[in-house]
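Colleague: The sequence shown begins at -9 in my numbering and counts up by one.
Everything labelled a hint here was simulated from the structure, so no lab data went into it. Take these hints with a grain of salt, some might be off.
Keeping only pairs whose Cα atoms sit at most 25 Å apart, straight-line, the calculated BS3-like set for lysine-lysine is [said to hold, decoys possible]:
hint	residue 1	residue 2
1	Lys0	Lys25
2	Lys26	Lys0
3	Lys19	Lys0
It should be emphasised that the depicted structure is a prediction, and the values quoted were computed from it without experimental measurement.
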Amino acid sequence: MNIVMNLQAKKLEIVQLVLNTEKPALLRKVEDVLKKEETTDWWDEISDAEREAIEQGIAEADRGETIPHEVVMKEVKARYNLD
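With the hints as extra help, turn the sequences into a complete structure.
Modeller: Given below as structure tokens:
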């Protein structure tokens, strides 16, 4: 509930700033950012190397080549003496 309240408060704060501005250039920038956010697919924003790494990871998972989270955490805790 607190996160929702904070989000609503932030939205109202931004709306108030937009309503109070007299700068057309700023309004255009805000509009551009919001429109880009609506139409942009994150997949198109990442590098080829990132796409390849994701695709490789999906292929490995499809082949059952995964390590359970619990196993990874146990190894990390042992390696870095976190227990």
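Colleague: Next step is simple, just say for each hint if it's right about the structure.
Modeller: Status of each hint after checking the structure:
1. Distance restraint check for Lys0 and Lys25: the Cα-Cα separation of roughly 19 Å lies within the 25 Å cut-off, and the hinted pair is therefore satisfied.
2. Simply put, Lys26 and Lys0 have alpha-carbon atoms about 20 Å apart, close enough for the 25 Å limit, and the pair holds.
3. With a C-alpha separation of about 18 Å, the suggested pairing of Lys19 with Lys0 holds against the 25 Å cut-off.
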